[in-house]
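Peer 1: From first to last, the protein sequence lines stand for chains H and V. Counted the way numbering that gives the first Met the number 0 counts, the first sequence spans residues 0 to 196. Counted the way numbering that gives the first Met the number 0 counts, the second sequence spans residues 0 to 427.
Honestly, the hints are just simulated from the structure, not real lab data. Just to be clear, a hint being listed does not mean it is correct.
Below 27 Å or equal to it, Euclidean Cα-Cα: the simulated DSS-like pairs (lysine-lysine) are [what the hints assert, rightly or not]: (1) H/Lys-4 / V/Lys-134; (2) H/Lys-20 / V/Lys-189; (3) H/Lys-20 / V/Lys-47; (4) H/Lys-20 / V/Lys-305; (5) H/Lys-20 / V/Lys-134.
Per label pair, the in silico range of CB-to-CB distance [claimed, not checked]: (6) V/Tyr-199 / H/Ser-44: 33 to 41 Å; (7) H/His-117 / V/Asp-137: 28 to 36 Å; (8) V/Met-36 / H/Gln-48: 28 to 36 Å; (9) H/Ala-15 / V/Leu-294: 21 to 29 Å; (10) H/Asn-141 / V/Asp-364: 51 to 59 Å; (11) H/Pro-18 / V/Lys-414: 52 to 60 Å; (12) H/Asp-148 / V/Thr-344: 31 to 39 Å; (13) H/Gln-11 / V/Asp-137: 15 to 23 Å; (14) V/Asn-14 / H/Asn-141: 19 to 27 Å; (15) H/Gly-102 / V/Pro-59: 53 to 61 Å; (16) H/Gln-48 / V/Lys-32: 45 to 53 Å; (17) V/Gly-362 / H/Ser-44: 39 to 47 Å; (18) V/Val-71 / H/Gln-48: 33 to 41 Å.
Stretch-level coverage of chain V by chain H, calculated; a stretch enters the list once three of its residues show a Cβ under 8 Å from a Cβ in chain H [to be verified]: (19) 33 to 45; (20) 81 to 87.
A virtual CB, placed ideally from N, CA and C, is assigned to each residue, including glycine.
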Amino acid sequence: MPLAKPTVAQIQELAARYPSKQSAIIPALWAVQHEQGYVTDEAMSEIAQHLGLPPSLIEATASFYSMFLTRPEGRHDVVICINAPCMLRGADEMVAYLERQLGVRDGGTTADGAITWHSTIECLGACGGAPMMQVDHRFEENLTPERIDAIIERLRKEPAPHYPLPGPPHKGEGAVQAKAAEPAKKPARPRAKKVQD
Amino acid sequence: MAIRPLLTKDFATENLEQLPVYERTGGYAGFKKALEMQPDALVDMVKKSGLRGRGGAGFPTGNKWSFLPKGVYPRYLVCNADESEPGCFKDRYLMEESPHQVLEGILIASYAIGCNLAFIYIRGEYLPQHEALEKAIDEARQSGYLGKNVLGKGYDIDVILHRGAGAYICGEETAMLTSLEGYRGEPRLKPPFPAVKGLYGKPTVVNNVETVANLPHIVLNGAEWFAAIGTPTGSGTRLWCMSGHVNRPGNYEMENGTPIRELIEEHGGGVWKNRTLKAFQPGGASMMVLLPQHLDVGLDFDAIQKAGSLAGAGAMVVMDETTCMVDAARRYVKFFEHESCGKCTPCREGTYWMANLFDRFEGGDAKPGDIDLLLDIGYNIDGRSFCPLGDASTWFPRSVIKFFRDEFQEHISEKGCPFKKSTVEAVA
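Build the full structure now, drawing on both the sequences and the hints.
Peer 2: Following this line, the structure appears as structure tokens:
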């Protein structure tokens, strides 16, 4: 599937923005993944073409970074942390619960195509709200079975999220897309907000 | 010494992430004042303030700046927002609550070192924080704080927000620069240090988010004022990310030197469920475990180092009596195994081997010689790896073996985890 026009425009804008066009590889991969859901060989060739770099270079970079997906996944992406700080607050129980409720194993996609979930040992930066997970890259903290149920119910109904194209400033078609991608709510805040005495 | 809001003093203000609100709290006054000063005077000021890098190594920021070779341009500033150390969530908090404070710090640092193009390398997982910074950059550009001829002072500065894609190693400064250049995020040999040959082969300074967030306050209030806060060798405050078995986990900004006891017992509300403290870990996944006997150690780079651990990136993971120390260490080792970039053999193979051994302990397959085998592997990784990731992967497990060797023995004799808290399957 060829890349959409705003994505191509964004890649070209990025190439001009950095002192070296090679620096635009990772943002370009993000632009592709946010448009198509994952990164295909075909898309990497197209990135290479727009940046004037060999495709092998794009693939070498893409294969290093764990957030770039090479296969299509469900509409929603659920990642639950199992590193030590989350483990201390019951992450394993939440993982077991999530697996049972979704009915698919770690890394799998639900039969209705709504959710792909996996556990991660890579800390997601919300240990103060452990156990936690990221749903479509947004923080869901202080998980309980009830909260997990509510999130699953919501995700089964919701369409896939729109992500903003990387790199400011958005012009032309990119701007429209970026605007549509405004988050529905403010990002979750760390639990103990009080730092004053 | 106690809780001391400095970076977080205005965090109760509604909508602080918006530029006009941030300005009303005194925002960008530091940058305006900096623009009236000579860049060299700013470097001296930061040197005198005693500010040390908040990313983990605690290197004096002003000294780092002064290593840039004279007359070599362009120069780059890269703000390290790749916060990925397990247990740390302070930069996230700063970027989310007050992105303009971070940006103002970046502008001050850029002006001080003579840089016209700065980068923020933010981890891929921090999408909401990416959005907050992106909005702040747009607002600042519209208000003339960045762009050409900033505030009519003849200084040009632009900031590029660069999103990583899930690699802990990119928090290491040379790997970060390699990644920013578009390559696989593998570390580079030092020397040459980034100050001499950094991004695109040009002189580069890499500063942590919390480090730069201190700059507006230092410029506004002076080096002496800042140096008077905290300890003689650790001026200022730090954000401590408290997690694990405490009643009130979260971020707490503490004056350097405050006893750890005060953080955990007073602000964190003590160990949860009326249990007793077994151990705690300052600094993050990499750092050595400390025991209740260390509770009166001060929250300070040097004091924590003297006690046998490191302050690192300001995590405080609290573990109660029910914690399986073997499993805690296993998670961290698995993390390093997952995040090893594969460039050097001791780290790539060593972390893999350690992780296998830890699975044996937790799964009930460990043999009597396995404890010493773990120590032997650790010894062969530490100091023999290409970058600190490999070294640091061994510190926590080795310190746990030192203090809790009997727990490893129990895992062997009972053929499995005596705490029965977790299952091997949970960790893929």
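Peer 1: Of the hints stated earlier, which fail here?
Peer 2: Violated: hints 3, 4, 6, 8, 9, 10, 12 and 19.
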